[in-house]
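> Starting from the structure of chain A, add chain B where the hints point.
One-letter residues, chain by chain:
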Amino acid sequence: MSLPKVPLAVKVLVPLVGLVIGLGGLIVTVGILKAWWSTPFGPAVVKASQPIQFRHDLHVAAEIDCLFCHREALKGEAATIPSVQLCVFCHKVVLKDSPEIAKLLSIDQSGESLNWGRVHRLPDHVQFIHEAHVVFFSEQNKVQPSQVCSLCHGDVGKMKVAEQVRNLKMRDCVDCHRGGYFNYLTPEAEAAIKEAVTSGQRRAPPSDCATCHY
Amino acid sequence: MAIERKPEPKWVMVVDADRCSGCQACVVACQAENNVPLNTDAIFNQKRAHEWIRIERYWVSGDPDKRPDEVDFKNLKVKFLPLMCQQCENAPCEPVCPVYATYHNDQGLNVQVYNRCIGTRYCANNCNYNVRFFNFWEPVWPETLRNQLNPDVTVRSRGIMEKCTFCVQRIRRGDRLVKRENRDFKDGDVTPACVQSCPTGALAFGNIKDEKSAVAKMAHDDRHYRLLEEQGTGPNVIYLKKVDLHAAEDKAHE
Numbered sequence: 001m002s003l004p005k006v007p008l009a010v011k012v013l014v015p016l017v018g019l020v021i022g023l024g025g026l027i028v029t030v031g032i033l034k035a036w037w038s039t040p041f042g043p044a045v046v047k048a049s050q051p052i053q054f055r056h057d058l059h060v061a062a063e064i065d066c067l068f069c070h071r072e073a074l075k076g077e078a079a080t081i082p083s084v085q086l087c088v089f090c091h092k093v094v095l096k097d098s099p100e101i102a103k104l105l106s107i108d109q110s111g112e113s114l115n116w117g118r119v120h121r122l123p124d125h126v127q128f129i130h131e132a133h134v135v136f137f138s139e140q141n142k143v144q145p146s147q148v149c150s151l152c153h154g155d156v157g158k159m160k161v162a163e164q165v166r167n168l169k170m171r172d173c174v175d176c177h178r179g180g181y182f183n184y185l186t187p188e189a190e191a192a193i194k195e196a197v198t199s200g201q202r203r204a205p206p207s208d209c210a211t212c213h214y
Numbered sequence: 001m002a003i004e005r006k007p008e009p010k011w012v013m014v015v016d017a018d019r020c021s022g023c024q025a026c027v028v029a030c031q032a033e034n035n036v037p038l039n040t041d042a043i044f045n046q047k048r049a050h051e052w053i054r055i056e057r058y059w060v061s062g063d064p065d066k067r068p069d070e071v072d073f074k075n076l077k078v079k080f081l082p083l084m085c086q087q088c089e090n091a092p093c094e095p096v097c098p099v100y101a102t103y104h105n106d107q108g109l110n111v112q113v114y115n116r117c118i119g120t121r122y123c124a125n126n127c128n129y130n131v132r133f134f135n136f137w138e139p140v141w142p143e144t145l146r147n148q149l150n151p152d153v154t155v156r157s158r159g160i161m162e163k164c165t166f167c168v169q170r171i172r173r174g175d176r177l178v179k180r181e182n183r184d185f186k187d188g189d190v191t192p193a194c195v196q197s198c199p200t201g202a203l204a205f206g207n208i209k210d211e212k213s214a215v216a217k218m219a220h221d222d223r224h225y226r227l228l229e230e231q232g233t234g235p236n237v238i239y240l241k242k243v244d245l246h247a248a249e250d251k252a253h254e
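Residue numbers (the numbering used here), protein chains in the order written: chain A, 1 to 214; chain B, 1 to 254.
Hints may be right or wrong, so weigh each one.
Stated by the list, open to error - Each computed DSSO-like pair below joins lysine-lysine, with the alpha-carbon atoms no more than 27 Å apart: (1) A/K96 x A/K75; (2) B/K179 x A/K194; (3) A/K169 x A/K47; (4) A/K75 x A/K142; (5) A/K75 x B/K186; (6) A/K34 x A/K47; (7) B/K179 x A/K75; (8) B/K186 x B/K217; (9) B/K79 x B/K66; (10) A/K75 x B/K66; (11) B/K212 x B/K241; (12) A/K103 x A/K92; (13) B/K179 x A/K142; (14) B/K241 x B/K10; (15) A/K47 x A/K158.
Claimed, not checked - Pulled from the structure, derived: some chain B residues nowhere near chain A, Cβ distances all over 10 Å: (16) F44; (17) R67; (18) V78; (19) L81; (20) E89; (21) I118; (22) Y129; (23) N135; (24) E143; (25) R158; (26) T191; (27) P199; (28) L245.
Said to hold, decoys possible - Among chain A residues calculated to face chain B with C-beta under 7 Å, some are: (29) E77; (30) H125; (31) F128; (32) A210.
Hint data in this document are derived by calculation from the structure and do not stem from the laboratory.
From a predicted model like this one, the values you see are computed outputs, not experimental measurements.
Every residue gets a Cβ at the ideal spot worked out from N, C-alpha and C, and that includes glycine.
Bound conformation, chain B alone:
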């Protein structure tokens, strides 16, 4: 019996580090779309801040013999790296969950089921990328933001682990769109909040099984790499390396 069913899509994000200007628009968009609790300085200093996507900032000195803090500011280079849940193929967070609250679904997403989670925090401890966040407190929003909450996303209560979902509520909306129009996924059907808000187009999202999609082409770029790939987690976020015109002079990494 021939199976004519369309294959499930496999969602992949491509981050072009060369285009990222570190403007944090994705961070704000994510916070608004996904009902991520607000962070204060006190929470941040306790290292308990929630940022489903965050911009990591690296200083690089122009002089290969000196550390970044030893050179003049004008010779400093800065690199930005947007970091979100990598939706690992072989995710370290999954086998350690005692209640199967995190697992892989057939679209390649690393799913966190909030109502199963009992808050052991093993997954966050086992995560290589520090992208899982635990709700140490009941989330509180100021009165002015009450109508801002997204009704399509759960508000996570105290004691629950949470993380980037690749905006699964928008993927579900895309599922219904392609079903209604009876076609395959194409670029633009599903756009996570971070991708939508990026002013420089550093982020791209799509179905990598579709060879015509933008992410499938970008995945074969010469600059592509995956974060901590050597640890065998198989991340589903592909990074494109920042182009540095003076990289030949930089011998620190060779």
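Just chain A, same shape as in the assembly:
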């Protein structure tokens, strides 16, 4: 009795194909799981196309406070994007011959709306409150409110085009609320907060679902 003779090509091909399918499946599964639970592979950078090439770096270099344009960051939910009128307030004088600013001025003349491309967009079922975060970190670290923004938004002062630097998934938020926020505090502030939380004078950052999801 002898086994049927298998051609050499099949003997080589079958394990090869099996290996490819198996490895491919493994890579896809790991990719999906990693994307779901933590940071997806690759740089988590989001860029948006803008109607006007606004230069954050120039405005920061000119020492304009973040809160001068993003006026509600200290008062409410959204940091808000400035109105065209606020841009024109300076730019009717400053650099009014530049081609990008000519676009801005013509939009202001025509009365159309300026639809900026949104860079940081959380899902609709998440409510992020700028006020609470900016006030907490600026009070604890004893710094100006506009020095807090970079914790989440990166060093905007070096960006020609604004981009998202953190992945801002729920893991990112929850890690910080569960104790990761100590990394962004000065040593004195960290010690004071730890003391206040353990003695019960202060609440730890909330981890109730209804803090953000409503």
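Then chain B, alone, in the frame of chain A:
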């Protein structure tokens, strides 16, 4: 180690049925504040209409021996009962959720987490008050109402259960207000849309742990009762009974 932390507030609504005129202002205000989808006649007839707060209307006949449809219109009495999620202490909707999308938080609110909800509808079936609403369709607003949507509230998509939240977005705003001013909650810090819009002051909202608050005083009114209290759900909405001058003649309920 002494704990000096202020206790969490416990939110309670008081509905004075005697003052309710059934004008539906609360229904409209709620619809606008909370991005509640619009209802059409067809949706209503399917009993799939969304009304986070609704006015229940009861006809009562002046004559104790006759049913309401047997008496003259002039002898009919009408009772209105605004009904919203009762934020039950022992909520029947909570244990039946397979994904913990609804739970109680430390402020006594019955929270619905939209992104956890998978739409089994068990909670709506187990609710004693019929105040949970399921999105059978993707919500649609006419073009003219697009800028009316409240950015602080999620727009619920298809397949999601939703219900009254006691305007939790306004409670969060109140949280930040008292934190900024470093004080306790007082009346008026948090006003849900229905309470704000009520022209007769039939609705009141506040922190019942604060003994000076209006709701704490109204909760001890002689007329107070809670809906379906005997079922042990422990509602956090307190109703004050409608005063009926001829109630002594009415033997139907005795």
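> Now tell me if each hint is right for this structure.
Results for each hint:
1. A/K96 x A/K75: Distance ~32 Å between A/K96 and A/K75 Cα, so the pair is violated.
2. B/K179 x A/K194: 19 Å, holds
3. A/K169 x A/K47: 16 Å, holds
4. A/K75 x A/K142: 18 Å, holds
5. A/K75 x B/K186: Holds. A/K75 to B/K186 sits at ~21 Å (cutoff 27 Å).
6. A/K34 x A/K47: 22 Å, holds
7. B/K179 x A/K75: 13 Å, holds
8. B/K186 x B/K217: 14 Å, holds
9. B/K79 x B/K66: Holds, at about 17 Å.
10. A/K75 x B/K66: Violated. A/K75 to B/K66 sits at ~60 Å, over the 27 Å cutoff.
11. B/K212 x B/K241: Roughly 22 Å separates the two Cα atoms, so the pair holds.
12. A/K103 x A/K92: 12 Å, holds
13. B/K179 x A/K142: Answer holds: B/K179 to A/K142 is near 18 Å, not above 27 Å.
14. B/K241 x B/K10: 23 Å, holds
15. A/K47 x A/K158: 15 Å, holds
16. F44: 26 Å, holds
17. R67: Its Cβ never comes within 10 Å of chain A, the nearest being 44 Å, so this holds.
18. V78: Check passes; 35 Å lies beyond 10 Å.
19. L81: Consistent with the label, B/L81 stays out of reach of chain A, its closest Cβ about 26 Å off (over 10 Å).
20. E89: Consistent with the label, B/E89 stays out of reach of chain A, its closest Cβ about 17 Å off (over 10 Å).
21. I118: The claim stands: B/I118 keeps its Cβ more than 10 Å from every Cβ of chain A (closest is about 14 Å).
22. Y129: B/Y129 clear of chain A: closest Cβ-Cβ about 20 Å, beyond 10 Å.
23. N135: Given that every Cβ of chain A is farther than 10 Å from that of B/N135, nearest at about 13 Å, it holds.
24. E143: Non-interface label on B/E143 holds, nearest chain A Cβ at 16 Å vs cutoff 10 Å.
25. R158: Given that every Cβ of chain A is farther than 10 Å from that of B/R158, nearest at about 13 Å, it holds.
26. T191: Per Cβ check, B/T191 is outside 10 Å of chain A; nearest 17 Å; holds.
27. P199: 27 Å, holds
28. L245: 43 Å, holds
29. E77: 6 Å, holds
30. H125: Interface hint status for A/H125: holds (5 Å vs cutoff 7 Å).
31. F128: 11 Å, violated
32. A210: 4 Å, holds
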